[in-house]
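Protein chains in written order, with my numbering: chain A, 1 to 192; chain B, 1 to 192; chain C, 1 to 192; chain D, 1 to 192; chain E, 1 to 192; chain F, 1 to 192.
Don't read these hints as lab results, they were simulated from the structure.
Check the hints yourself; a few may be wrong.
With a straight-line Cα cutoff of 30 angstroms, these simulated DSBU-like cross-link-like pairs (lysine-lysine) come out [to be verified]: (1) D/K81 x E/K130; (2) F/K81 x A/K130; (3) D/K100 x C/K100.
6 protein chains.
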Amino acid sequence: MTTAISRFPVPEINDLPEDMREKVLAVQEKAGFVPNVFLTLAHRPDEFRAFFAYHDALMLKTTGNLSKAEREMIVTATSAKNNCLYCVVAHGAILRIYAKNTLVADQVAVNHLKADITPRQSAMLDFAIKVCLDSQSVNETDYALLYSHGFDDEDIWDIAAITAFFGLSNRMANVISMRPNDEFFLMGRTPR
Amino acid sequence: MTTAISRFPVPEINDLPEDMREKVLAVQEKAGFVPNVFLTLAHRPDEFRAFFAYHDALMLKTTGNLSKAEREMIVTATSAKNNCLYCVVAHGAILRIYAKNTLVADQVAVNHLKADITPRQSAMLDFAIKVCLDSQSVNETDYALLYSHGFDDEDIWDIAAITAFFGLSNRMANVISMRPNDEFFLMGRTPR
Amino acid sequence: MTTAISRFPVPEINDLPEDMREKVLAVQEKAGFVPNVFLTLAHRPDEFRAFFAYHDALMLKTTGNLSKAEREMIVTATSAKNNCLYCVVAHGAILRIYAKNTLVADQVAVNHLKADITPRQSAMLDFAIKVCLDSQSVNETDYALLYSHGFDDEDIWDIAAITAFFGLSNRMANVISMRPNDEFFLMGRTPR
Amino acid sequence: MTTAISRFPVPEINDLPEDMREKVLAVQEKAGFVPNVFLTLAHRPDEFRAFFAYHDALMLKTTGNLSKAEREMIVTATSAKNNCLYCVVAHGAILRIYAKNTLVADQVAVNHLKADITPRQSAMLDFAIKVCLDSQSVNETDYALLYSHGFDDEDIWDIAAITAFFGLSNRMANVISMRPNDEFFLMGRTPR
Amino acid sequence: MTTAISRFPVPEINDLPEDMREKVLAVQEKAGFVPNVFLTLAHRPDEFRAFFAYHDALMLKTTGNLSKAEREMIVTATSAKNNCLYCVVAHGAILRIYAKNTLVADQVAVNHLKADITPRQSAMLDFAIKVCLDSQSVNETDYALLYSHGFDDEDIWDIAAITAFFGLSNRMANVISMRPNDEFFLMGRTPR
Amino acid sequence: MTTAISRFPVPEINDLPEDMREKVLAVQEKAGFVPNVFLTLAHRPDEFRAFFAYHDALMLKTTGNLSKAEREMIVTATSAKNNCLYCVVAHGAILRIYAKNTLVADQVAVNHLKADITPRQSAMLDFAIKVCLDSQSVNETDYALLYSHGFDDEDIWDIAAITAFFGLSNRMANVISMRPNDEFFLMGRTPR
């Protein structure tokens, strides 16, 4: 039993290279605390920079037909399949906030077939889970089904890329035992 | 998207047979609301009575070396393996309360290897998950390992029986789409 | 190699509480011997009572569209998936007798697609096996397919509940190494 | 529901080439009936001849430390993993006869960990099942464990080859729906 | 790290029984080297003879609608599922030669859905992989789909039998660590 | 059957943003051709930049105890588990060149237990495959085993990160049907 946030060394914020320190302080300003992933991955500055550049390209993207809540649904559902504690807890919290829904994160993490989501969102998660667990079998039938729900090719790229990127994140978090901040567990659980 | 608590008819409390009505009212008195499992399974009175008799024999038992929190850990961890939304959410809530720990339920549901639990509890959950997913392979090595953590044969029966009983519950909940009460999602999440 | 009927203590019939002793003697009277499950589970009287109350509610039920033989088919097929020696052998024997068919139990235990059963029974077993192995994925398509074979919602509850209940039984039998009575292996194998 | 013994054409015994007809008549003489595998595979004479040459090389072999009953245990246990009705039923019958044991075939087919066999036989079946399901992972640790039970390299080849050969047989039987003769179900079930 | 071609004794060509020596010398004459399978399996002459008789019945067959390249596709794709180094490398080489295609073997070994093959060939490999991994589930729907691509019952037997036979070969190669000849790795990789 | 290199639009090199064009031309200069991944991922410039920044941080790293060939072994072995044609073929080629070994890539892709690699490399691949397929179960036993082969914590991070990163790459390649350049299939197959 440990409350270390990583099995690996975690740098002090003040010891970070300037660009990374600024990024960390900015997220602290916005969230009120520093999500542990910003500290644990800072152990490897070049990987940190690439990780968050990739993350931001997918999650802060302002084009396409996936809402911010839907992107977080994908993260939460697929991270649960990879049994990644950090991502299920942290992104479940963000999902609750974006969706303004106190229940949906736990629903999607346990079984999206029982979640209060639309058939379009359920099809999106079916596909994300297939990319997560069995990407070798993706084929034109999957594309056609997603088209029938109004997704276009760029949306499908987004679903796949978010799933693939967080599959990377899930594996790193599992290997280094990345611990979610306590704050995430409660965040977004009371309606505002 | 639906908020029905079961795919099957749900009886009114006042229409229940007297013994069942008393049980339901007693739990309502204690919990402040009626957990949906008491209403959804009431569709079949004889099965309802057997279900709760079995449940109480295992979960209200006052002998043995499993704490109430540990029994709920078993339920939460194995229900997650069976992707049962009702049991993960409802018993996760009860686990938080019994363990007086706001984090442990989500930890155990996603990956017990990353949870703030003791090595003894981790061995207990390893075994429960084996009973849940691969009971055919249980053998003397499993018993020996549990003995080394201080569990005796009766404790091992308890771990197995709780796992087996909630495996029944998980399958019924999945088939009838039993919905957890909204109250459970927030319960026990703030320390008292 | 052992011929003990359980890894746990087995009470003497004469030491059982009166209600349990009566139940055991009644089954002995009817079957000509005491099936071991009545002795092995008697180690825990409250669980014994709940177990058989549940069992009887599902298996002695006189309403609905599942024949007694069909209920035993469900038990035999799903117990084989759980690799439960006791239930495959004991319920396979009962299946042979109810179905008046010396072959069907082994067929259903090994591969129900090759069994001498009706398409309706095959669909029933497809669903039972899904509930047994992957209940999280049960959805409206499964219900619709069963409706097309003449099953109604109550029948579907029966199929699921029998599967779920014997999943409990299978796990207990595997953990305690419950041994089937020798009598079961031969029972019903010669046409009458 | 059908009682055809194969999904493919089955030749008449009298239409078989002389060498095959002699082989079939010899087994009929010995067993009292013609096991269906001799008729169903006769659809392809060259494959029939190679199949039985291979079969006989492995199963009629008189050297090595595997008894005839042990070879049939391997067939029964691995055919159950491949869900092959023909082989489980036919070779289970032969196992009962060779082992002079009315129970062991069903035990080994459902879960060899619960069977009345020796630790040496259990290790043999562990290995056979690994070859059946996960041959890619076989390594020196497997060899060492088998040596510790008294098996030598030639015995290990035998275990692997019997498993591999009946894996072929299982797949053919499943694809052509080869039906076991009714006689096999009862054979060897009463002690003599 | 070893370059032995088998974990078991390998006979000298000159010590082989006459019929086997002739067969080995003939293949050496044709291929320019002796594929290791002819030496490693010669450790057991009777099994060797049956193995190659079966092999030739399936792979040298001149009737039916499967081309030689298609038969090798089946071997390559299913041997990859069984993680058999010898067969993937050796039969991949033969596939390149028969198909006069330098890319198709690696494509089919890794993911036939991304290979430069026809829809008919893709359906053939879907079925072969099902026979390889899940033969218990083969049913009339599989037959109907193959008919729709122009395969007849005899072709389906061929696909199944080739898959089943090389499943035997894969398991033996994995257990005895059969090493592919270096020559196979490069063979057929440059267009002629 | 198609020879498109991606299911998505592929930009012309001359239309790429300057930084990306320079990167692509540099790799073309060095390799003699443009590996398709540089073109297919260029469809999304920001993701492209993050992808290659991550790639270079892991694969061009000059510290630590993993050789370049060992890093490519990890990519090849885990990409095979994810059935990613592009990465198995392209990184198999690079592996052959770095290892100056014409056989090792195919060996590692099919079954690393049969490859001409050291026990240390085999342990490295065991761990990489666990991170690839079952990262939730990684624990201190895995670390201890790797330490015993001379790997330190930073090496373990490298193994995990390479596996995780190419897991992302594999999923994208599978979803967009990224086609390996023909050049890769033959590269490094003849000793120099």
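**Message:** Hint check: F/K81 vs A/K130, CA-CA at most 30 angstroms. Holds or violated?
**Reply:** holds (15 angstroms)
**Item:** Restraint status (C-alpha distance of D/K100 to C/K100 at most 30 angstroms)
**Value:** holds (28 angstroms)
**Request:** Would you mind confirming whether the straight-line C-alpha gap from D/K81 to E/K130 stays at or under 30 angstroms?
**Result:** holds (15 angstroms)
The earlier numbered hints are all upheld by this structure, with none contradicted.
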